Amino acid sequence: MHTWTLLVALLAAAALAYHVGRKRAIATAGGSGRINTLHSLPAYYGFYAAMWAAIPALLLLGLWLGVQDQAINELVKASLPPQSVAELTPGALGLLMNDVKNVASGNIASGAVTPAIQTAADQYARLQHLARWTQWLLVLALSVAGMSFAWSQTRPTMRARNRVESVVLGVLILFSSIAVLTTLGIVLSVVFESWQFFQKIAPSEFFLGTLWSPQTAMRADQVAADGAFGAVPLFTGTLLVSFIAMAVAVPIGLMAAIYLSEYAPRKVRSVAKPLLEILAGIPTVVYGFFAALTLAPVIRDLGEQLGFAVASESALAAGLVMGIMIIPFVSSLSDDVINAVPQAMRDGSYALGATQSETIRRVVIPAALPGIVGGVLLAVSRAIGETMIVVMAAGLTANLTANPLASVTTVTVQIVTLLTGDQEFDSAKTLAAFALGLTLFLVTLTLNIIALHIVRKYREQYE
Amino acid sequence: MNALASEIVRDTSAVSAADLAKGGHFSGTIGDITTPDPRMVCREVNVWYGDKHAIKDVSLDIGNHQVVAMIGPSGCGKSTFLRCLNRMNDTIDGCRVRGSITLDGREIYDKGLDPVPLRAQVGMVFQKPNPFPKSIFENVAYGARIHGLTNSKAELDALVETSLRKAGLWNEVKDRLDQPGTGLSGGQQQRLCIARTIAVSPEVILMDEPCSALDPIATAIIEELIDELREHYSIAIVTHSMQQAARVSQRTAYFHLGDLVEVGETTQVFTNPRHKLTEDYITGRFG
Ligand SMILES: Nc1ncnc2c1ncn2[C@@H]1O[C@H](COP(=O)(O)OP(=O)(O)O)[C@@H](O)[C@H]1O
Ligand SMILES: [Mg+2]
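Which chain is which? The protein sequence lines are Z and D, in order.
Take the first sequence: its letter number 153 is residue 370 in the numbering used here, and every next letter is one higher.
Take the second sequence: its letter number 287 is residue 1057 in the numbering used here, and every next letter is one higher.
Note that these hints are calculated values from the structure, not bench results.
Owing to the predicted nature of the structure, the values given are computational and were not obtained by experimental measurement.
Beta carbons: idealized from backbone N, C-alpha and C, even for Gly.
Don't take each hint at face value.
To be verified - Once the Cα atoms are required to be at most 16 Å apart in a straight line, the calculated EDC-like pairs of lysine to aspartate or glutamate come out as:
#1 K826(D) x D807(D)
#2 K898(D) x E575(Z)
#3 K936(D) x E1001(D)
#4 K936(D) x D985(D)
#5 K822(D) x D884(D)
#6 K904(D) x D884(D)
#7 K484(Z) x E973(D)
#8 K904(D) x D286(Z)
#9 K674(Z) x E641(Z)
Said to hold, decoys possible - One-sided and incomplete, this derived list gives chain D residues near chain Z with beta-carbon spacing under 8 Å:
#10 C865
#11 S905
#12 F907
#13 N921
#14 S922
#15 K923
Unchecked claim - Residues from chain Z shown here face chain D by an in silico Cβ test under 7 Å; the list is partial:
#16 W350
#17 P468
#18 A561
#19 G565
#20 A568
#21 L569
#22 G570
#23 S574
#24 E575
#25 V580
#26 A584
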């Protein structure tokens, strides 16, 4: 007698209702020969009946499941001897109720099973049983009631299609608002936690301070630094790694896009373009260990031969690999905008005696430039938000440096280290992660808005 | 020549549109394909797009200081033929051109000839105005910049001004040369494209339905302009409008399904067409 059997039963009821509703519609029309007198196709009457059979019953079931446990809990609590309840703290009462439930379901209770607990447990089991049956009865009854309501409503003039479609519309709106509301919820929770953080640490220290050392004492007796939350080294680290990544991705991606869209024979294009896009499908953790285990040692050895001191984890290694990861973003977006430049532009240039490369340099690229810039900005926001590669290859030391051979850390890396492991939730250290997340979110959001705006502007120009 | 022409008349007047559509053999162009002072001479030009034979044995002269109009139903190959004259067809995949086309006696399909400078000599104006997304000044200066035609800023300014004057646009844009060419009206954009073409001093100007995207007033201005340009250039214009062909051209060539059916003095072609197909088209029976 689980809830899911009830769901199956409801489904069956809906199927039955569909069948009955359809038959009923045909009957009210006066037989299958007169279906054309119906406002909608018979199937819509079927769906209409099925909705009445399923939706109110489902709503009731949801509501019921939402309050059932709470209600039973309260009832059982009320049945406990009043004096024993009055003495207990809320926590102890919770434990007691847990014991009651454990005994009721035949599990082992935490303490001795007193007679009071035993009676309460019996009571609990009885209520549970009762609740389940009433639930079944009510839900199925409502389903049948809905079905008969639909039956009584069915007549040839009823606008069944419109009603079904408005319900479908409602369901679609519901689901899309789930996505929107989730996003909103995430943003709000980040904003709220950041607010708490800024109660503890002044925003001026966070945004302008140059020392990042978020170690705080977890216990009162622990010896630890007082924690410094100057995020500037994280911002510069992020910028440095992103800058290196863009320095790799923009030229390579752009050249690749120009080759693919302007020069490559169709055969080469059909092979090379998907291959390039595979780069975007490699999990970032794979890029990460490629950066940490393959590229970083090579850079270090190379640097040593040339006489530079290179940290084993360097901004350069992380940035180079991140750049490679971002190439397909730049190339495929640029390829799209270059292709969107009308052939008429190129023809106009050729007709004036320009060569292909002159045409590309002087007409195609300038015409596509806004779109390319938009694509690059999207890639930048991707680079700033990238986590795995930098966690593995850039290091953890918050150095305030512009030296690509040094180890740096980024905003995303620090969020990871702040939140992994055992943490006290309301310490400044943990809350700092939310403040960093909020900053990151605002920056990438701004970049995305600007980029999308530019790209859209650009599209309009050629439509 | 006249006797020969009337021979051809007798031979071909029996060929109907239906025969041509079925691939019936077409035995030659009616009228005088030559001019006394030709700038470009095309002989037995054939064009294929893949397997599709789009231009069949077309021979035609483009006369000096003359406007040749090319008319015919859609898809008959007017644009294709026009694009042969500056080798713009080279930019289309799968397009093959055979035959001989000379410009001032030089074969333009010669293996050794680079089509890039040729296109500066034989300029082209397109159906839809296609100014570059640059300023008005830069649009006109484009050709001069890539070909290095001017040595100083003053020379370039002068070239831009004379080109815009010749295209009849100077007075309308002289105060806003730095604004984007795409911001002009359709007719102004088309004159900008003409100015841009003139700026590289071509000998021949090809125009592919230059007025089809324009309103009647803009069209009238461009038609007047074409008549003035004839003084300095040779012009081949494709047009859908027979009135336009009658107004601006001295000679008219009628194309049909890749064949050049009839060529002649414009007045003769319009008042006294010699081929049944030409007559049908001009009297509006198809097209
Ligand atoms: N790029 C191309 N590829 C394949 N076929 C083409 C191409 N351009 C034109 N054609 C074909 O060649 C014929 C002539 O076209 P076109 O010269 O554009 O005609 P017109 O300008 O007289 O309307 C048409 O049948 C057209 O379908
Ligand atoms: Mg055409």
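Hints, verified against the model:
With a CA separation close to 25 Å, the supplied pair K826(D) and D807(D) exceeds the 16 Å bound. In summary, the hint linking K898(D) to E575(Z) is not supported, as the alpha carbons are separated by about 22 Å, beyond the 16 Å threshold. Proposed proximity of K936(D) and E1001(D) is supported: the alpha carbons are some 11 Å apart, at most 16 Å. Between K936(D) and D985(D), the direct Cα distance comes to roughly 21 Å. Violation of the 16 Å bound is thereby established for this hinted pair.
For the suggested pair K822(D) and D884(D), the alpha carbons sit about 26 Å apart, so the restraint of at most 16 Å is broken. A hinted pair counts as satisfied when its Cα atoms are at most 16 Å apart, and K904(D) with D884(D) does not qualify at roughly 27 Å. The suggested pairing of K484(Z) with E973(D) is violated, with an alpha-carbon distance near 39 Å, which exceeds 16 Å. At most 16 Å may separate the alpha-carbon atoms for a hinted pair to count; K904(D) and D286(Z) exceed this at roughly 71 Å.
Straight-line distance between C-alpha atoms of K674(Z) and E641(Z) comes to about 48 Å, which puts the hinted pair past the 16 Å bound. Hint status for C865(D): violated, given a least beta-carbon distance of 14 Å to chain Z, over 8 Å. Hint status for S905(D) relative to chain Z: violated, with the closest Cβ pair at about 11 Å, above 8 Å. Using the Cβ-Cβ criterion of 8 Å, the hint placing F907(D) at the interface with chain Z is not satisfied: the shortest such distance is roughly 14 Å.
For N921(D), the interface hint is violated, the least distance from its beta-carbon to any beta-carbon of chain Z being 19 Å, above 8 Å. For the restraint placing S922(D) at the interface with chain Z, the shortest Cβ-Cβ distance is roughly 20 Å, beyond the 8 Å limit, so the hint is violated. The closest approach between the C-beta of K923(D) and any C-beta of chain Z is roughly 18 Å, which is over the 8 Å cut-off, so the hint fails. Below 7 Å, beta-carbon pairs count as interface contacts, and W350(Z) has none with chain D, the closest being about 74 Å; its hint is therefore violated.
At a threshold of 7 Å, the smallest CB-CB gap from P468(Z) to chain D is about 23 Å, leaving the interface hint violated. Given hint, A561(Z) at the interface with chain D, holds; its Cβ is 4 Å from that chain's nearest Cβ, closer than 7 Å. Restraint check, G565(Z) versus chain D: the minimum CB separation of about 4 Å is within 7 Å; hint holds. Because the smallest distance between the Cβ of A568(Z) and any Cβ of chain D comes to about 4 Å, under 7 Å, the interface hint for this residue holds.
Interface hint at L569(Z): satisfied, since its Cβ lies 4 Å from the closest Cβ of chain D, which is below the 7 Å cut-off. The interface hint given for G570(Z) is met, as the beta carbon of that residue sits about 3 Å from the closest beta carbon of chain D, less than 7 Å. Interface hint at S574(Z): violated, since its Cβ lies 10 Å from the closest Cβ of chain D, which is beyond the 7 Å cut-off. The interface hint given for E575(Z) is met, as the beta carbon of that residue sits about 5 Å from the closest beta carbon of chain D, less than 7 Å.
Taken as an interface hint, V580(Z) checks out: its beta carbon lies about 5 Å from the nearest beta carbon of chain D, inside 7 Å. A distance limit of 7 Å between C-beta atoms decides the matter here; for A584(Z) the minimum to chain D is near 5 Å, and the interface restraint holds.
This entry does not satisfy hints 1, 2, 4, 5, 6, 7, 8, 9, 10, 11, 12, 13, 14, 15, 16, 17, 23, going by the numbered hints stated previously.
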